[in-house]
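J.: So the chains spell out like this:
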Amino acid sequence: MNEIILQIDGRKVQAKEGMTVLQAAQSIGINIPTLCHHEKLESYGACRICIVEAETGGRTRLIAACVYPVEENMAVRTRSEKVDKTRKVLLEELLAHAPDSVPLQALAQEYGADKDRFEKEPSFCVLCGLCVRYCAEVKKINAIGFSDRGAKREISFIPEIASGNCWDCKECFPLCPTSYLQAAYVLIEALMR
Amino acid sequence: MFEDKVDEIIDQYQSDPSALIQILLAIQREYRWVSKEAIDKVSKKLDVPLNRIHHIVTFYKAFSLIPKGRHEIHVCTGTACHVRGAPRLLDSVQDLIGIKPGETDLDLKFTLETVGCVGCCALGPVMVIDGEYHGKMAPAQSEAVLKNYA
Ligand code: SF4
Ligand code: FES
Chain A
3 MNEIILQIDG RKVQAKEGMT VLQAAQSIGI NIPTLCHHEK LESYGACRIC IVEAETGGRT
63 RLIAACVYPV EENMAVRTRS EKVDKTRKVL LEELLAHAPD SVPLQALAQE YGADKDRFEK
123 EPSFCVLCGL CVRYCAEVKK INAIGFSDRG AKREISFIPE IASGNCWDCK ECFPLCPTSY
183 LQAAYVLIEA LMR
Chain B
459 MFEDKVDEII DQYQSDPSAL IQILLAIQRE YRWVSKEAID KVSKKLDVPL NRIHHIVTFY
519 KAFSLIPKGR HEIHVCTGTA CHVRGAPRLL DSVQDLIGIK PGETDLDLKF TLETVGCVGC
579 CALGPVMVID GEYHGKMAPA QSEAVLKNYA
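Protein sequence lines correspond, in order, to chains A and B. Letter by letter, the first sequence follows residues 3 to 195 of the working numbering. Letter by letter, the second sequence follows residues 459 to 608 of the working numbering.
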């Protein structure tokens, strides 16, 4: 594997080809906020909170650090006016769906996001897909999936599978940035009885 | 009887998981819906998890998880048809068959849907029944047209 040299927040980083910008940053202890990312899972790129500014060949763009692979001579800025503002708006939009989410509130404080900026649309789930992907990729049980599309997309348990597996596992519960997953499970559990 | 046909469809595609959507479409065409039994069978034989099939059948409008009627009526409510009187046409169809868009009547005779634009605006207002186009539909004509379907 080829070595790739890039800069993150002004510091030189030696990374391996195929690594993501997020991994490269973590390797030198630079923290980039994430919501839909999980070490054990394939990168998903759904929440965009990990957005950073990346300069390559004289062009600067916003990229999602958890999916974007490192490039030679890339200069990354993990905090800048533009990055902070983008994260703030993303958080405000997510908070319209899940105003009481603890991880969202913590980030909101850091980025000065106002949870009441947008009209509330309490779907609670922010569609990060952590529960669905964890169940599929790590547990290989597939007890939970998405249904429908667009604004109506939601998670749903498959009752036959959930009834035999979830009670003893529940490993996805702590991954959920909101409490929606547990609520959905309690509902389906009531239906299964 | 039900089981055989689903098996037959799956066999036609050699239980190939990459043909999942084709198989589901064939089942939809055959039964006018995708039943839970059919989904279970497809999941087992193709070795595709239920949650993935569930996502697909709820994602595409071509699939229905409840039985559809023998005849599918699509009333175009695109812009051109709208200005040419689609709302009145839709009203009269609704009154005649007694169901709203998205619904199927109890005899499983008709399913009514609205559609964004069927691409023949010059013929508006357009109503498509089982793929057959009825153009320049005056609301008063709809009864005569619907009579042709049993
Ligand atoms: S229920 Fe929670 S973990 Fe699952 S997709 Fe929604 S927010 Fe993410
Ligand atoms: S953590 Fe990168 S898009 Fe969600």
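Simulated from the structure, these hints should not be mistaken for lab results. Treat the hints with care, since some could be wrong.
As the list claims (entries may be wrong) - Below, computed lysine-lysine pairings styled on DSSO-like, alpha-carbon distance capped at 30 Å:
| no. | chain 1 | residue 1 | chain 2 | residue 2 |
| --- | --- | --- | --- | --- |
| 1 | A | K141 | B | K594 |
| 2 | A | K154 | B | K494 |
| 3 | B | K519 | B | K594 |
| 4 | B | K594 | B | K558 |
| 5 | A | K90 | A | K142 |
| 6 | B | K494 | A | K172 |
| 7 | B | K499 | B | K519 |
| 8 | A | K122 | B | K503 |
| 9 | B | K558 | A | K141 |
| 10 | B | K519 | A | K142 |
| 11 | A | K42 | A | K18 |
To be verified - Stretch by stretch, here's where chain B covers chain A in the computed footprint (C-beta under 8 Å, at least three residues):
| no. | segment |
| --- | --- |
| 12 | 138-148 |
| 13 | 156-164 |
Computed from a predicted model, the values in this text were never measured in an experiment. Ideal Cβ positions, reconstructed from N, Cα and C, are used throughout, including at glycine.
J.: Checked against the structure, which of the hints given earlier come out wrong?
T.: Result: hints 1, 5, 8, 9 break, sorted rising.
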